[in-house]
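Visitor: Use the sequences and the hints to build the structure in full.
Quick mapping for you: the protein sequence lines, in order, are chains E, G, S and R. Following full-length UniProt numbering, the numbering of the first sequence begins with 1 at its first residue and continues without gaps. Following full-length UniProt numbering, the numbering of the second sequence begins with 1 at its first residue and continues without gaps. Following full-length UniProt numbering, the numbering of the third sequence begins with 1 at its first residue and continues without gaps. Following full-length UniProt numbering, the numbering of the fourth sequence begins with 1 at its first residue and continues without gaps.
Everything labelled a hint here was simulated from the structure, so no lab data went into it. Keep in mind that the hints are not guaranteed to be accurate.
No copy labels: a pair is met if it fits in one copy or bridges any two.
Calculated cross-link-like contacts (lysine-lysine; reagent style DSS-like; alpha-carbon spacing at most 25 Å) [what the hints assert, rightly or not]:
no.: 1; residue 1: 96; residue 2: 31
no.: 2; residue 1: 3; residue 2: 48
no.: 3; residue 1: 133; residue 2: 96
no.: 4; residue 1: 31; residue 2: 48
no.: 5; residue 1: 328; residue 2: 318
no.: 6; residue 1: 165; residue 2: 114
no.: 7; residue 1: 31; residue 2: 3
no.: 8; residue 1: 165; residue 2: 271
no.: 9; residue 1: 271; residue 2: 133
no.: 10; residue 1: 83; residue 2: 271
no.: 11; residue 1: 318; residue 2: 295
no.: 12; residue 1: 83; residue 2: 295
no.: 13; residue 1: 48; residue 2: 295
no.: 14; residue 1: 96; residue 2: 165
no.: 15; residue 1: 3; residue 2: 295
Values in this document were obtained by computation on a predicted structure and should not be read as measured data.
4 protein chains.
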Amino acid sequence: MSKLTLGIIGAGRIGRLHVDNLRLVPEIRVKSVSDVAIDHLQSWAEEKQIDVLTTDYKDLLNDPEIDAVFICSPTTTHANLIKEAAAAGKHIFCEKPVSFSVEETEEALAEVEKAGVKIQIGFNRRFDPNFRKVRSLVQDGTIGNPHILKITSRDPEPPNVDYVKSSGGLFMDMTIHDFDMARYLMGSEVVEVSAHGTVLVDQAIGEAGDIDTAIITLKFENGALGVIDNSRQAVYGYDQRVEIFGDNGTAQADNNRATNVEVSTAENVTKDKPLYFFLERYTQAYIDEVTEFAKACLENTEITCTGFDGLQAERIAKAAKQSLETGKPVQLARTSQRVVN
Amino acid sequence: MSKLTLGIIGAGRIGRLHVDNLRLVPEIRVKSVSDVAIDHLQSWAEEKQIDVLTTDYKDLLNDPEIDAVFICSPTTTHANLIKEAAAAGKHIFCEKPVSFSVEETEEALAEVEKAGVKIQIGFNRRFDPNFRKVRSLVQDGTIGNPHILKITSRDPEPPNVDYVKSSGGLFMDMTIHDFDMARYLMGSEVVEVSAHGTVLVDQAIGEAGDIDTAIITLKFENGALGVIDNSRQAVYGYDQRVEIFGDNGTAQADNNRATNVEVSTAENVTKDKPLYFFLERYTQAYIDEVTEFAKACLENTEITCTGFDGLQAERIAKAAKQSLETGKPVQLARTSQRVVN
Amino acid sequence: MSKLTLGIIGAGRIGRLHVDNLRLVPEIRVKSVSDVAIDHLQSWAEEKQIDVLTTDYKDLLNDPEIDAVFICSPTTTHANLIKEAAAAGKHIFCEKPVSFSVEETEEALAEVEKAGVKIQIGFNRRFDPNFRKVRSLVQDGTIGNPHILKITSRDPEPPNVDYVKSSGGLFMDMTIHDFDMARYLMGSEVVEVSAHGTVLVDQAIGEAGDIDTAIITLKFENGALGVIDNSRQAVYGYDQRVEIFGDNGTAQADNNRATNVEVSTAENVTKDKPLYFFLERYTQAYIDEVTEFAKACLENTEITCTGFDGLQAERIAKAAKQSLETGKPVQLARTSQRVVN
Amino acid sequence: MSKLTLGIIGAGRIGRLHVDNLRLVPEIRVKSVSDVAIDHLQSWAEEKQIDVLTTDYKDLLNDPEIDAVFICSPTTTHANLIKEAAAAGKHIFCEKPVSFSVEETEEALAEVEKAGVKIQIGFNRRFDPNFRKVRSLVQDGTIGNPHILKITSRDPEPPNVDYVKSSGGLFMDMTIHDFDMARYLMGSEVVEVSAHGTVLVDQAIGEAGDIDTAIITLKFENGALGVIDNSRQAVYGYDQRVEIFGDNGTAQADNNRATNVEVSTAENVTKDKPLYFFLERYTQAYIDEVTEFAKACLENTEITCTGFDGLQAERIAKAAKQSLETGKPVQLARTSQRVVN
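Guide: Printed below as a string of structure tokens:
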């Protein structure tokens with residue numbers, strides 16, 4: 001079996017998570033990791049059998065043995081790293097968002113296209129079995145032509161304000177997953193966005209110029225409507241539900257829970273809360289996304305979640321922010337590129 | 001519209017419940033009520049527009065205007081009242097059990113047959129929409145040939161010990177409903193009973209010679225097996241579930257709850273407890289059983305729950321008691337009569 | 001027991017439904033019914049024990065024995081009938097919407113106030129046990145301060161186009177119930193509406209100048225956001241769900257089903273579809289609303305669903321229509337009156 | 001990190017499953033595999049990085065580097081292999097049942113005790129998160145003193161008749177898992193068994209002297225009752241549910257499904273069927289049992305599922321068979337050993 005040799009750029013929480021998951025995939029070998037600070041990573045790297053631990057990501061790009069890189073560094077570094085990796089002929093797995101600037105993202109993706117390497121964006125939710133099933137029910141016609149999409153997406157607790165300040169804002173940091181999910185489930189592009197947002201969870205988030213509660217209405221190219229509701233704090237856990245309603249029926253995905261045990265006592269009847277956060281809820285999806293990336297690189301097949309998908313999600317996030325600021329719906333330019341199915 | 005004129009014998013809890021429900025049925029007029037003590041019933045009878053309130057049930061039997069009687073007096077009086085009512089040419093609705101003696105019941109039913117009047121036994125659960133649907137799924141072949149029947153039947157709180165002493169015991173008082181449900185759902189007679197019981201809820205029940213917790217295994221004429229589990233105290237409410245498993249699938253009826261609201265908080269995710277007891281759970285079933293009785297009398301159609309059904313449930317209860325005492329399975333005699341469908 | 005004597009104006013579907021339900025309430029006597037055409041109603045009126053059947057509603061208003069009237073005639077007649085009934089000193093139960101004109105409604109309600117009679121608007125859903133429980137969970141603080149309201153409201157099949165033409169449009173005819181539910185659950189006034197709508201179910205509805213699919217975003221005076229999604233056709237039945245999410249948790253009401261039976265076969269695992277339409281889903285709510293109206297009239301207590309509630313729902317419907325036409329959010333004037341709790 | 005070096009005896013379906021799972025546990029190295037026929041296993045062993053592939057299990061027992069063996073060969077070989085492995089000082093993981101003879105099992109376990117090695121029996125269901133939670137709810141007192149235990153355990157399809165003939169019969173092959181689960185959940189020994197069984201699925205099973213449908217009633221040392229229902233064929237999938245009912249409430253574990261998506265169409269409302277069979281349902285439990293075994297060996301901690309647990313399950317299976325044959329309840333001898341918690 002031929003293996004895919006990888007380098008990881010950025011060993012923060014998500015970078016280390018990917019290393020753990022990549023080690024479960026027999027087709028993959030994680031050879032190298034770079035980070036701006038590596039002293040605290042020595043024993044970790046040893047345990048994970050990483051051969052090369054370096055402060056310079058160029059060591060990875062210059063290593064001819066490395067087939068692909070995972071870009072897990074801060075968002076502001078993504079676009080340049082994509083360009084350099086593409087130039088070095090490496091396949092790319094890049095965390096979301098690609099950048100905070102649609103133009104930067106476009107430039108970076110142009111380099112990827114020129115280089116002919118593959119790029120996958122880290123929209124892990126596309127690999128969740130519940131959402132995959134909902135999408136398949138749309139695609140196979142079970143629910144007919146889609147009319148209404150609903151996504152509920154609420155975090156269990158707000159990030160700290162420092163994170164909020166550098167996050168690009170709720171739409172770019174959090175809702176961007178939902179914008180991608182909307183396109184993924186609907187199989188059609190978003191053509192108009194109307195956003196409403198407010199600060200109800202944490203005043204400090206408002207003082208940092210962001211919102212923590214939002215409802216965003218979408219219009220799709222196929223004529224359907226959609227709505228996303230977001231909150232930075234659902235005290236009962238990570239609330240991740242979707243529904244697509246069409247002329248033949250409706251498909252709803254509920255939250256996952258640790259067990260399906262129901263307990264009845266004199267006080268009440270209870271079941272488990274939703275799984276706490278993305279690490280618990282999307283455990284398998286994180287494994288599946290890197291497995292599919294490896295497969296696409298090794299077998300030269302289509303990427304499920306492309307650079308164009310990353311770009312479109314950013315465009316919608318940008319439009320949502322503009323709608324929030326102007327109080328008006330914002331049109332998105334039609335694009336000749338299509339949703340990858 | 002021709003109306004059915006009724007007399008009620010016994011104005012205890014169940015008798016008064018029937019009066020309330022009968023008043024919702026346009027085809028019915030409740031003319032008379034008898035009870036051994038009537039002083040405390042005067043204002044009640046007036047409010048319910050009862051014309052005749054008497055201490056002598058014979059006043060009802062002798063009233064030519066009365067078409068049918070409801071026997072809601074203590075069990076020990078049922079058999080004689082049935083005989084007298086039959087002799088008087090009245091249709092009969094009799095609460096369960098018909099009597100504590102299979103022979104007495106047989107004698108009483110023989111009089112009913114001779115008189116050619118109708119008799120319905122108060123197995124109200126046959127009229128519950130959930131159980132009706134399960135039965136229909138058996139009858140229409142959806143689940144195929146039945147292999148296993150499961151009934152869970154647990155009361156929310158034990159009766160007081162005085163009641164227990166005069167109740168005929170758990171099997172005759174409480175499980176008798178489940179024995180009837182078993183025949184009703186399975187559409188086949190019980191041919192063997194094995195009972196296991198114990199005292200876990202209230203030692204006073206044990207001292208009164210009864211049990212409060214039981215598991216009863218049934219064999220049916222069609223070869224299927226069944227199991228009933230009983231408790232006198234489910235602290236979370238009235239637990240009434242059934243399942244029939246067959247070679248094409250399984251059908252399960254769950255408990256009913258006051259609302260379907262689900263509440264998620266930081267502590268837990270809760271839904272409503274099961275409805276508290278039989279008055280709440282079987283509200284509509286109690287209305288439907290008397291409506292069907294009226295219809296059967298007025299239109300001379302088949303009774304859903306016959307005297308034979310009452311007799312068979314008693315026979316099974318008797319066998320269960322014997323099995324509990326002997327520690328061995330007890331066979332039931334085959335009968336040429338059939339389950340009414 | 002003192003009884004409330006009623007006259008019914010308009011004996012169409014909803015008028016006759018009310019007669020059936022009113023007959024279940026012991027405190028009520030339905031004496032008279034008026035309709036523009038009564039020939040076909042003779043046997044119905046006899047069966048329902050209606051004393052007076054007339055083509056002239058003034059016969060009801062002039063009858064000193066009549067305490068209250070039910071206005072069940074076409075919407076365009078409501079405002080004048082309210083004024084006349086108020087002038088005649090009758091309490092009023094009026095179907096929704098009060099009128100198609102906020103000004104007309106305001107005028108009619110002013111007459112009601114002057115006359116000092118009671119008026120209740122037929123927002124039957126306020127009496128549904130599921131929604132009542134959700135509201136109580138908001139009011140008792142279980143879910144904390146509300147942040148997001150979600151209402152899904154979809155009919156099982158579209159009305160015919162003739163009805164659509166005279167209905168006042170989706171927002172005034174159908175969503176008006178949801179606008180009322182939004183205020184009822186949130187306990188706070190709507191201050192801004194943004195509506196998106198389209199024609200996806202039936203082109204004839206579009207040709208009649210209406211829409212059949214909509215998403216409406218609401219802002220409340222308490223700072224919360226809300227969203228309603230509507231469709232004129234959910235092929236699986238009447239889809240009526242609500243959720244209120246707050247800083248202490250979330251409360252969700254699901255659809256009601258005829259039974260809770262679950263069937264597992266080799267093909268799939270199924271449960272009952274949602275109850276078909278409003279007559280099935282809101283059976284008990286229709287009974288409860290007239291019972292509460294009778295109680296309020298007889299005991300001079302507060303009406304649960306007032307004329308002001310009817311007026312506010314119309315104002316929101318009007319604003320939604322304007323938002324749909326202009327493509328912009330529409331502000332609602334603050335009002336000194338308060339949501340009745 | 002010190003690793004546990006393993007040898008696998010028997011590379012049939014379950015042996016190869018364990019190899020796959022063991023490779024996911026970083027603390028484990030699978031060095032050797034023995035099987036009576038190895039020609040077809042060469043490429044598999046290479047892919048799985050097995051160093052030694054042999055037809056002689058003694059090669060494993062004689063290898064000083066090997067710390068523990070997995071006994072995955074046919075049941076009739078287990079007892080001798082346990083004795084030999086114990087004599088060789090190897091820790092032992094043995095598939096269920098230990099043997100078809102209680103005496104043989106006792107002898108084998110005596111050798112294990114003498115040798116002071118650890119033994120774990122492959123009751124994988126003890127590691128299922130649903131059942132673990134139910135057990136914890138019993139142990140922490142949430143449901144109070146247990147009164148009634150219910151286990152539903154049905155396979156999706158019957159084994160072929162050749163397997164049936166060598167399986168030891170339904171109770172020893174299939175119900176043995178449920179007997180273990182009963183002890184595990186109840187935390188108390190079984191003192192009496194009453195078994196009822198029949199052939200409803202496949203006449204060939206009956207001709208082979210076995211049954212395919214059963215209901216088994218249990219009495220526990222703590223006074224509680226229990227019931228297990230079994231079928232060799234549930235056409236909708238692997239049906240694995242448990243409930244424990246106590247004086248403070250009840251805890252129910254439902255089946256697992258591939259997704260939680262609910263689909264509503266004009267025909268019906270569906271959700272996923274139960275996961276197909278044990279490989280799907282207990283995927284994680286199989287991983288967790290070997291992980292815990294490795295941990296217990298490496299850190300010298302208690303085994304969750306001991307040889308005594310294997311022995312007790314066999315004793316109950318034996319008693320169930322005897323009850324089926326005699327038609328009477330069978331008592332189990334009290335034992336001074338206790339349920340391991």
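Visitor: It remains to establish, for every hint, whether it holds in the given structure.
Guide: Hints versus structure:
1. Proximity of residue 96 and residue 31 under a CA criterion of 25 Å is satisfied intra-copy only: 23 Å inside one chain copy versus 41 Å between copies.
2. In this assembly of identical chains, the alpha carbons of residue 3 and residue 48 lie at most 25 Å apart whether taken from the same copy (17 Å) or from different copies (15 Å).
3. Taking identical chains as interchangeable, the C-alpha atoms of residue 133 and residue 96 lie at most 25 Å apart only when both belong to the same chain, with a minimum of 23 Å there against 36 Å between chains.
4. Taking the shortest Cα distances, residue 31 and residue 48 sit within 25 Å of each other both inside one copy (10 Å) and across copies (21 Å).
5. In the homo-oligomer, the alpha carbons of residue 328 and residue 318 lie at most 25 Å apart both inside one protomer (13 Å) and across protomers (19 Å), since each shortest distance falls under that limit.
6. When the C-alpha separation of residue 165 and residue 114 is checked against a cutoff of 25 Å, the pair qualifies neither within a copy, at 34 Å, nor between copies, at 57 Å.
7. Proximity of residue 31 to residue 3 under the C-alpha cut-off of 25 Å is found in both arrangements, the shortest distances being 11 Å within a copy and 23 Å between copies.
8. In the homo-oligomer, the alpha carbons of residue 165 and residue 271 never lie at most 25 Å apart, since the shortest distance is 37 Å inside one protomer and 39 Å across protomers.
9. For the homomeric pair residue 271 and residue 133, the shortest alpha-carbon distances inside one copy (24 Å) and between copies (11 Å) are both at most 25 Å.
10. Taking the shortest Cα distances, residue 83 and residue 271 never come within 25 Å of each other, neither inside one copy (48 Å) nor across copies (45 Å).
11. Within a single copy, residue 318 and residue 295 get their C-alpha atoms no closer than 32 Å, and across copies no closer than 51 Å, so neither meets the 25 Å cut-off.
12. When the C-alpha separation of residue 83 and residue 295 is checked against a cutoff of 25 Å, the pair qualifies only within one copy, where the shortest distance is 23 Å, while the shortest distance between copies is 46 Å.
13. Taking the shortest alpha-carbon separations for residue 48 and residue 295, both the intra-copy value of 22 Å and the inter-copy value of 19 Å come in at or below 25 Å.
14. Only within a single protomer do residue 96 and residue 165 lie at most 25 Å apart by alpha-carbon distance; the minimum there is 17 Å, versus 48 Å between protomers.
15. Taking CA atoms no more than 25 Å apart as the test, residue 3 paired with residue 295 passes inside one copy only; the shortest distance there is 10 Å, against 31 Å between copies.
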